[in-house]
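So the sequence lines, in the order shown, correspond to chains A and B. In this text, residue positions in the first sequence follow my numbering: the first is 1, and each later residue adds one. In this text, residue positions in the second sequence follow my numbering: the first is 1001, and each later residue adds one.
No lab work stands behind these hints: they were computed from the structure. Be aware that one or more of the hints could be misleading.
What the hints assert, rightly or not - For lysine to any residue, the following SDA-like pairs were computed, each having C-alpha atoms within a straight-line distance of at most 25 Å: (1) K140/A to N1199/B; (2) K79/A to R1205/B; (3) K1404/B to N1199/B; (4) K1197/B to T60/A.
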Amino acid sequence: MVKIEVNGEQRILDVDPAMPLLWVLREELQLTGTKFGCGVGLCGACMVHLDGVPARSCSTSLAEVANRRITTIEGLASKVGKRLQDAWVDENVAQCGYCQSGQIMTAAALMASNPNPSDQDIDAAMSGNICRCGTYQRIKRAIHAAAEAGASGENVK
Amino acid sequence: MNISRRTFLLTGLAATGSLAIGISFADDKVAAMPPYPHASDTDLQPNAWLQVTPDNRIIFQFHKAEMGQGIMTGLITVVAEELDVEPATIIRQFSGIHPAYLNPQFHLQVTNASSSMITCYQPIREAAATVRMLLLAAAAKTWGVPAGELDSCDGMVIHAGSGQKAPCGDFVHMARSLPLPAQLAFKSPDQYRFVGKFNRRLEARDKTNGAAQYGIDITPAGTVVAVVVRCPHFGGKLKRFDAAEARVMRGVLAVAQIDDSAVAVAATHYWYARQAADKLHVEWDAGVMQGVSSQTIAHAQRTALDEAEAAAGLPVAPGSLSAEYTAGYMAHAPMEPMNATVAIAGDKVDVWVSTQAPDIVRSAVARSLGLAPEKITVHGCYLGGGFGRRVIADVAVDAAKVAKQIGKPVKVIWSREDDLQHDAYRPAVTSRMYAELDGGSVKSWRFRIAGDSLIYNLIHVLRPVIFPPAMPDAEVEKIARKKMETDDKNIETVDHPAYQFGQTKVDQVFVQSGIPVFFWRSVGHSFNTFFLESFMDEMAHKARTESLAFRLKHLPPDSTESKLLKLVAEKAQWGRAKKGRFQGIALDRIKGAIVAMVAEISVRKKAIRVHRIVSAVDAGRIINPDIARSVIESCVLWGMSACLHDQITIKDGRVEQSNFHDYAVARMDETPAMEVHLVESDRPPVGVGECSVALVAPAIGNAVFKATGKRLRSLPLKV
């Protein structure tokens, strides 16, 4: 039995503690917003937050996250997160959309520590996330837009 | 080619669908038109796409695959315009399969070949106009006023003269009994509220909060998860396997051979199944492909070209220009790994799968289970990328086989390694070009290409849907080989170049490697546009003419192609790159779209850095300008990713790459600034999902030549 906190809820899980968090989220907790992309930490589709820090859930075992605070795309409730989601919609970022949960989780973690990132900061933080639709230019634009909205204190939609 | 152009085109087109084999499959289907999957006794439902409910809801049946290209928003924008309602107020449902939804280009319910907008625009406009006219006619009858005095807006019917106003739903009952309008009236473009203006992707919010459901996210109650361990050698077989260790592992429910080259492991969770699969002891028979490598395939292609050249015996003028170009295999690698869920209940089967071709899935699953296609329901969902890969029903067949064997609903999930090693690839090809120049003009141009036949592979992919289930393999193989004669995919774009050359001769030779090949975003253009547009610069160089001027010299002065080249040159500041930057230019015409592109690059220590890519595009009337721009940017990144990174290579008849570490794709830190200039056009809309893929490689390659003096003649590009 492993105890974790997911999106503010305590969960007790009876699966192999070596199981990657990704599959615990998707198959035990039905939180399917976190995606399987490569399984080996190369694409970022499975990005979640562990105590606010971005982590690849495909390469993080359940045992490693015991008693830690996990946030998935479904639980992304911070102002920064909401601003990013709004900016994603406004900038028409998503195409197939499959990688975008991971992109937004990575961007939200970036902005939590760096509210007004430069292009270089964004490249450095986001280049671990693959998008096969090639939406990178718009992701960058959306992050800047969310930063601006945050700076001007604009309300989230 | 000794067949006339027209005949050839018609045959070529038919070859991609069921008509290829002379069976009037589509007609058979249409003859017995079944009720709509969403049929209702109370709604106004004059066609397969639209229904209006008595409580004034408008429902749109979405029959296509939304895989990122934005077609769901595009079609609903067209509907919204004719119905004069906000697009977001239209309820969207995945339609399921119905003969009314057959793609007229292919006679299948398939989303491919940038064909959705070009084939659906008019029928869907008509469907919406019909609904609007029926509602107005019903209101006219109810109120006793001429229909011509009525207007409708935002779900209300309005009679300005009397001030009467009522929801459209109020007239549904009456409208159901009225005859279809004899002549349709469409909104005039100057009154458009949405077409050309509406820029909001309708499913955007769901794709930012985790709510959008892809095939992999759908799990009916009681479903178990399976992984498939398949022979890594194409055409290879399973010799024997020992599952003793795997069977006793935690969560494992069953281990079973599902065909002559694969074993499935089913478990309660994906990870348990994957762990157990790693403990299987399997022995493979590599089969006939042992010893086949990328090198042997390329050698066979060169030999075939040598032989074809010798047989043709065409003269080679002194001082003429010739070059050999090649392109490697490419995987599709959509972000959502291949997966499918199948639940069998008696003779009723449900399938959940991200697919571009639900009717291929239906027939393939039916064939593997020995059932009639009508017994299979394929449920719709979003696709985590398609790019041509999701026309193939292989993973759904895997799931059907496992579900049947273990007697439980099963979700089969392929790993990324499975995806890269069991794709059907963009073919590797070798081409040779020859040109004779005369005073700076191309007097004659010859092109010959060798590679695998896409149509041959397509016939095998379509087998379940175009042939009777009992047709023997040998017969299918015979037809597939026969259909190669009509295969024009490997000569796409070069068989009708935009340029006016004195004499043109295009030939091809098929060299069947045994590697499965398939349609990959932009298909034959993905290599031929690279070949032609790079060679254009080679010819320009030989003619001592600047690249843009050389192209314009070979195009009609008032052509769209000329205008787009001039526009893109102006927007990209052609010829005025700053120090250390170099520009290359290219042109393509694909699926009705015409695109010109300039790439700006630098080269440092043999590394190509792309700084800026500017596109000028004529795609007919644009429905959603910003979505079109975003998808054209996607094409550019796809083209750049493919030409600057890894390729799929073959050794011993198997793929050497396994994941994104050795099959790298473009990432954010290498993304160039992209600009897309859409030109105004009176032509009907065409698709943009492939339009600007194929120009990227030659635009970059032509710039690299300017930067280094080195002509790159192989894809992917390496300095």
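Structure-based check of all given hints:
1. K140/A to N1199/B: Within the cut-off at roughly 19 Å; holds.
2. K79/A to R1205/B: 16 Å, holds
3. K1404/B to N1199/B: 45 Å, violated
4. K1197/B to T60/A: 45 Å, violated
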